[in-house]
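Number of protein chains: 2
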Amino acid sequence: MPAKALPSALEAAASILRGDERALARLITGLEDGDPAAAGTLRALRGGSAAVGQLTAQVVGVTGPPGSGKSTLVDKLISAYRAKGLRVGVLAVDPSSPFSGGAILGDRIRMQRAEAGPGGGLDPGVFIRSLASRGRLGGLSRATAQSARALEAAGYGVVIVETVGIGQSEIDIARLADTVVLVSMPGSGDDIQVIKAGVMEIGDVFVVNKADREGSDRVVREIRAMLETGATLRQDLALRQGGAAELQPVLKTVAETGEGLPELVLALDARWAKLNASGELASRRARGAAAEARSLLAERALAELALLEPGLEEGLAMEIVRGEREVAEAAEILFSAIRK
Amino acid sequence: MPAKALPSALEAAASILRGDERALARLITGLEDGDPAAAGTLRALRGGSAAVGQLTAQVVGVTGPPGSGKSTLVDKLISAYRAKGLRVGVLAVDPSSPFSGGAILGDRIRMQRAEAGPGGGLDPGVFIRSLASRGRLGGLSRATAQSARALEAAGYGVVIVETVGIGQSEIDIARLADTVVLVSMPGSGDDIQVIKAGVMEIGDVFVVNKADREGSDRVVREIRAMLETGATLRQDLALRQGGAAELQPVLKTVAETGEGLPELVLALDARWAKLNASGELASRRARGAAAEARSLLAERALAELALLEPGLEEGLAMEIVRGEREVAEAAEILFSAIRK
Chain A
0 MPAKALPSAL EAAASILRGD ERALARLITG LEDGDPAAAG TLRALRGGSA AVGQLTAQVV
60 GVTGPPGSGK STLVDKLISA YRAKGLRVGV LAVDPSSPFS GGAILGDRIR MQRAEAGPGG
120 GLDPGVFIRS LASRGRLGGL SRATAQSARA LEAAGYGVVI VETVGIGQSE IDIARLADTV
180 VLVSMPGSGD DIQVIKAGVM EIGDVFVVNK ADREGSDRVV REIRAMLETG ATLRQDLALR
240 QGGAAELQPV LKTVAETGEG LPELVLALDA RWAKLNASGE LASRRARGAA AEARSLLAER
300 ALAELALLEP GLEEGLAMEI VRGEREVAEA AEILFSAIRK
Chain B
0 MPAKALPSAL EAAASILRGD ERALARLITG LEDGDPAAAG TLRALRGGSA AVGQLTAQVV
60 GVTGPPGSGK STLVDKLISA YRAKGLRVGV LAVDPSSPFS GGAILGDRIR MQRAEAGPGG
120 GLDPGVFIRS LASRGRLGGL SRATAQSARA LEAAGYGVVI VETVGIGQSE IDIARLADTV
180 VLVSMPGSGD DIQVIKAGVM EIGDVFVVNK ADREGSDRVV REIRAMLETG ATLRQDLALR
240 QGGAAELQPV LKTVAETGEG LPELVLALDA RWAKLNASGE LASRRARGAA AEARSLLAER
300 ALAELALLEP GLEEGLAMEI VRGEREVAEA AEILFSAIRK
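These protein sequence lines are chains A and B, in that order.
For the first sequence, position 267 matches number 266 in numbering that gives the first Met the number 0, and the numbering has no gaps at all.
For the second sequence, position 8 matches number 7 in numbering that gives the first Met the number 0, and the numbering has no gaps at all.
Think of the hints as simulated: they come from the structure by calculation, not from any bench.
What you are looking at is a predicted structure, and each value in this text was computed from that prediction instead of being measured.
Careful: at least some of the hints might be erroneous.
Sample of chain B residues facing chain A (criterion: CB under 7 Å; computed from the structure) [stated by the list, open to error]: (1) A288; (2) A292; (3) L295; (4) I319; (5) V320; (6) G322; (7) V326; (8) A329.
Each residue gets a CB set at the ideal place from its N, CA and C atoms; glycine is no exception.
I would like the entire structure built from these sequences, with the hints used as guidance.
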C-alpha cells in the first residue's frame, strides 16, 4: 500500500532536505515569481530544517566593479570551501539592465563543468543560481534574501552572493550578507575611484585582486589610509570609548593563480568566528530582516493605496509640481488614505 | 504709523523674493532640520512666486567619481550661466560619511571669492549651499529636493545639484534632476569601471572630463558603445516601435581650461528645450515627487508603528532570523498594526 501523499509544500521541502537540487532550483524560481506555493515550501523547509535558527551558513557578499575579477575569485572560494567539506551555494545577481549583457550563469556553469571531476559532471556540493536584479538601479530582488535563507536551511555552509556594486545593490548587499567582501584592483592614475568613499563602509573584508599588476601596494595603502581615517573620525565622534578599533583586513589576491586565496579564507573564517562568538551575527541578521520587512510593508501599503484611491498619488504629485502642495502634506494625505 | 507685521512665514518668503540670500539660507537650514516654520515659508514662497508652476529652473544633477573634476566643471557651468544672465543655485551634497572628509562648502566659497569682481565680494546671482547626505550610503537628504524647489521659486534659472555617485544618491539624483550629467575621466587599463553599467541609465548627458589626458577618445568610444548596446536592446524589447532612438550626447571637456564647456552648455540647453517642448518635464518631475512622497509615507508609517506597537518590528525580525516566520508574513502583521 503506497504511503499517503504529503502536502506538496512538505513534499518539496523534504526533497530539498534530501539533497534534490532540482527541487531547490524550483523553489528559488517560485520565490522569484512570488508564487505562494514557494512561500509555503520555504516555510516548511525552514520549519523542518535542523540548520535554521542555528545560523549555520555564512552569507558572504562579494561585490566590486566589472573587470575586477569577482567571478574568478568566487570560483576559487567555491573550491576552497569544497576542500573544507562545506557545501557552497552561489547566488549571482545579474543586473537586468540592458547595458550589462549578463551571461553570468551560462559562463559559470561551463566553468563548473570544466572543473568538475573525471566524469565531467557538476559537483553536487555546489549550487549556483543566477537571479535577476530589481529595477533600473540594480537592487537585489526580494528573492535573494529568501533564497539565501533557503540555502542555509538546505544545509549549505557558505552562501556567496555575487553582485556588481550599483546603486541600490550596495545597500541591499550590506543588509543581506553577514560579511561583505569589497573587491577592487590596481588601476593607474586615480586609484581613489576604485572604491568610492561611501561604499567603504559596507566592506568587512577588502580584496585587491589582480595584485600581480603594478600599483597594487599603492591601492592597499590607500584603502588602509581611508579605513584609518574613518576609524579615527568615528572614534572622535564616540569620544574615544575604549581601545583602538580593529581595522578591516585588506588583502591582495591573484584569483587566476589562486595566490592570496588561503589568506582570504582565513580572514573570512576569523570574521565568521567573531560574528558567532559576539552574538553580532543574530543581531546583524535581525537588522537585515527588519529592513526587508519594512520595504515589503512600504510596497504593501502602496499597493493598498492604489486599490483604495486610484490616481490619488499621481494627482498629489502633479499638485507638488505645480506648487499647490508640499511633499510632506502629500505624504500625510496618502497615510490617511491607507488608515481609512 | 508702521505697517502691520506680516506673519513670519510670509515675511521670510517676501524677503527671499526680494533677493535676500540670508533668508534663503535660513529657509534651507530649516528644511534640513525639519522645522515646521520652514515648511510654512516654503509653502508661502512657492505660493507667492510667479516662477512656480512655470517650471522655470532647469535642475541639473552633476555626478561622478571623486577625482573626476566635478567641482571645477560646476564652477565653469556657473560662470557660463551667469554670462547668459541666469541666476544659479548650487546644492553640493557633502556625504556625511567619515571617509569623505568633505570641506566642499569652504573650498567653494573661497573659489567664489577668488572669481568675484574687483570688490572681491560674492556674486549675488550665485547661491551655493552644501547639504549633508542622509545615511551611510550617501542618499540625498529630503531637504535637497525641497531646496531645489525653493531655489526655483526664488527665481534661480539653473539649479545644479552636485553629488558623488554612491549607492542611494545615484537613485535620488535620477529622481530629483531634470537632467543628469554623468562625469567620468580617462583612466587607464580597465576604463569600463569608470562608469558602472547600471548607472549609465541615469545619464542624460555624458562628460569625459580631463580630456587632455591620454585615453579620452577611448572612454568616449566605450561610453557610446554602451549607449548603443542599451538602445538596441531596448528597441528589441519594444519590438522596434518606430525610428532609431537618439543617443545621449557624450562630450569631452577640460574643466580647468574651460575647453568643451560651450558644447556642454549647448547640450544642456538642447535637453532643456526638448524637455519643455515635449511636456516630459512636468511628467518627469511628477514621477520624482511621487517617489519622494512615497518614501516619506513609508517613514511616516514606520514612525506610527513604533508608537503603536513598540518592539513589534524587532520581535518579528528575530522570529525571521530564528526561522519561525517568513518576511512576507512579518510585513503583513506590520501592515495590520498600522491600519488598526
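Hint check results:
Given the 7 Å rule on beta carbons, the hint for A288 of chain B holds: about 4 Å separates it from the nearest Cβ of chain A. Because the beta carbon of A292 of chain B sits about 4 Å from the nearest beta carbon in chain A, less than 7 Å, this interface hint is met. For the restraint placing L295 of chain B at the interface with chain A, the shortest Cβ-Cβ distance is roughly 4 Å, inside the 7 Å limit, so the hint holds. The interface hint given for I319 of chain B holds, since its Cβ lies 4 Å from the closest Cβ of chain A, which is under the 7 Å cut-off.
For V320 of chain B, the interface hint holds, since its Cβ comes within 7 Å of a Cβ in chain A; the closest pair sits about 5 Å apart. Among the interface hints, the one on G322 of chain B holds; its C-beta lies about 3 Å from the nearest C-beta in chain A, closer than the 7 Å criterion. Annotation: V326 of chain B was flagged as interfacial toward chain A, and the flag holds, the nearest CB pair being 5 Å apart, inside 7 Å. Interface hint status for A329 of chain B: upheld, as the beta-carbon distance to the closest one in chain A is roughly 4 Å, under 7 Å.
Going through the hint list in order, the structure satisfies each hint without exception.
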